[in-house]
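*Asks:* Going down the list, the protein sequences come from chains A and B.
Residues in the first sequence are numbered from 1 upward in steps of one, following the numbering used here.
Residues in the second sequence are numbered from 1 upward in steps of one, following the numbering used here.
Because the hints were derived from the structure by calculation, they are not lab data.
Careful, some of the hints might be misleading.
Pairwise CB distance ranges (calculated) [to be verified]: (1) V67/A to Q452/B: 49 to 59 Å; (2) K32/A to G51/B: 57 to 67 Å; (3) A27/B to M63/A: 26 to 36 Å.
Using N, Cα and C, we set each Cβ at its ideal position, and we do this for glycine too.
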Amino acid sequence: MGNEFLPLLYSFHFYLFGLISIAAAIAFVTRKSPVAAAMWLVVTMFALAALYVMMDAQFIGVMQVLVYAGAIMVVFLFVVMLLNLGHPSELSDIRGKWGRIIAGFLGLALLAEIMTLTRSPLELKLVVPAIAVSVNSTGGIIGGVAGPLFREYLLAFELTSILLLVAIAGAVVLGRKRSAN
Amino acid sequence: MNFDLSVPTQLMQALTPDVFLMVGAMALMLVSALRPDSDEHQRLVGYCSIGVLLATLGIVIWFGSRGFTSGPGVIAVDGYRLAADMLFILAALGAIALGIEYNGREGIWNAESHVLVLFATSGMMIMAAARDLMIVFIGIEIMSIAVYVLAGMNRRSPRSAEGALKYFLLGAFSTGFLLYGIALVYGSTGSTNFTTIGHNIVQYKLAHQGMLLMGVGLLLVGFAFKVAAVPFHMWAPDVYEGAPTPITAYMAAAVKAAAFATFLRLWRESFDLLDFAWLMPVWWIAAATMIYGNLVALAQRNVKRLLAYSSIVHSGYLLVAIAAGTNSGSAAFLFYLLAYTLATFGAFAVVCAMSRPGDRDLEITDYEGLWRVRPGLAIGMAICMLALLGFPVFGGAGFWAKVYVLAAAEATPFRQLMPLTVLLVLASVISAGYYLQIVRVMFMKPRPEGAQVPAATGALTRLVLAISVALVILVGLIPARAVGWARNNQPTAPVTLSTAKAP
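Work the whole structure out from these sequences, hints included.
*Replies:* This is the structure we're talking about:
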């Protein structure tokens, strides 16, 4: 395959994943069952991750899958299943008249923002900071994150793990069955 | 030795006491999970926790005796940090010693409760060491999350659950203020490091920049929440009343001390030049805290609630020392914290000894005629009350603590502090109304007919009471030594490395 096909390939995948993510997002907000809605959200997250990878941001793509599609969605599903919210008939939602009107206005506002942004005279390219360039040339894609994380912010990083440990221990202590007395 | 904090191994050495306590807490967490909950297991973990704390105290003292210093970096190595560490460890020792017996009586058999106190203490030590807003924030969260859980430890009591939930929600709310303030300060000065922030404010003349001042204001609100200063105090009475009594003492003494210690370092090292902006807000918060706290405390009938309002009032007194903003101000601040911590633990030890299972018998009327049935408890409580009041001679250290705060406030260049010192004295006079009320009830009233004699006091509770009272009296007799200790332990600027690399 020659280089002349690359832009075509790129466009094809951009539209493919873009359409998947939009379709999945529409399905996400229209499903009645919370579990089905959550699964559609996972599909949206995966499609977005693919778009990130196409923009040469592989690290953000991987993080998107791990954090959003992985951890956060699992928590969503857990809560849905633990609270037994699986029956659509028992649910009330905000899809009334006013909810639709407000959502419509919000959508229009976002659309207007994007339109103004595309017409703005400002350069739309992000300027890469010099330090990021120098790190990227030596440390690869995640070097720019890993270097500072384990050098300048080493202490904050390690202390955060203690913080999470305390939070887990606290949750277990409070969530456990009462000790028999 | 001068630690170069950019080298991870030296950073680790500079944090020896903190790391030791964290490792100890993690090991004890495993121990506490080894066996099912029982009174014996809870006691065992409690005694081990006391051992870990004593060892940490030893390391802190050794660390202080070596006179270490550090270069610029995310943490500070100075006497101020180690002095604050000693106060936190003292409070944690008191809380665990009281907690072992209290938990046994109340049927709180979670061995983890002692481990969480250790974790909270390590978070406080990180806060006292921090010289970076990010580390401050993580330290505050380690402390707060552990204390949220501790406040709800008594799962049989709806009050405890209510208090813990209130504390959690308002604490999360105040964290939002703090974080927003940190973000704005970072946005305007380009750094989270205390030293660099102070430096950049001077270099780039940021003192009148709106974003920076807004950030400082939000930080002030966040800290005022943590120390329960009026008008951000509304969570304190319910939380203090609902939490298990030893944890109430720990919150009133250590949590407050940690927030104040961080606050003082940040204000002295970063925002010293912004005094035109923060002096009057701090002035008003201090004044409102002293007056409002005292007036409401007068109306309290429940001793735990009364002590909660008393701790709010003492936040106001400490804010006066902070507003002074000088070296003698921070010396007075450390001395005051020492006296306040000791007196608070003495008072709460008596409350622990007096209450019966289910936290009953906490009304002031239950203390009537205590002198006739439990003279030891009555004398201990009386001395702690007089110390909190700041009574001369019998109040021991409490009197000198107030004297030094007043002297520091008088000696500052800010003339605005003069009315605040007058308010402090007036507020102390009002506080006699409730502190002396307890003393009067214990000694002058007859024991009511049919009132139960309090159960025999446990050995550890007696020990905490005896040590607190003895130290209050001792420090009151030789205040000069203790003030010398406080004066020598100032927040000190980082040592610039003489061997700094050429650019």
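*Asks:* Indicate, hint by hint, whether the structure satisfies it.
*Replies:* Structure-based check of all given hints:
1. Checking the proposed 49 to 59 Å range against V67/A and Q452/B shows it holds: the Cβ atoms sit about 58 Å from each other.
2. In this structure, K32/A and G51/B meet the distance hint of 57 to 67 Å, their C-beta atoms being roughly 58 Å apart.
3. Under the hint 26 to 36 Å, the C-beta atoms of A27/B and M63/A, about 33 Å apart, fit the expected range.
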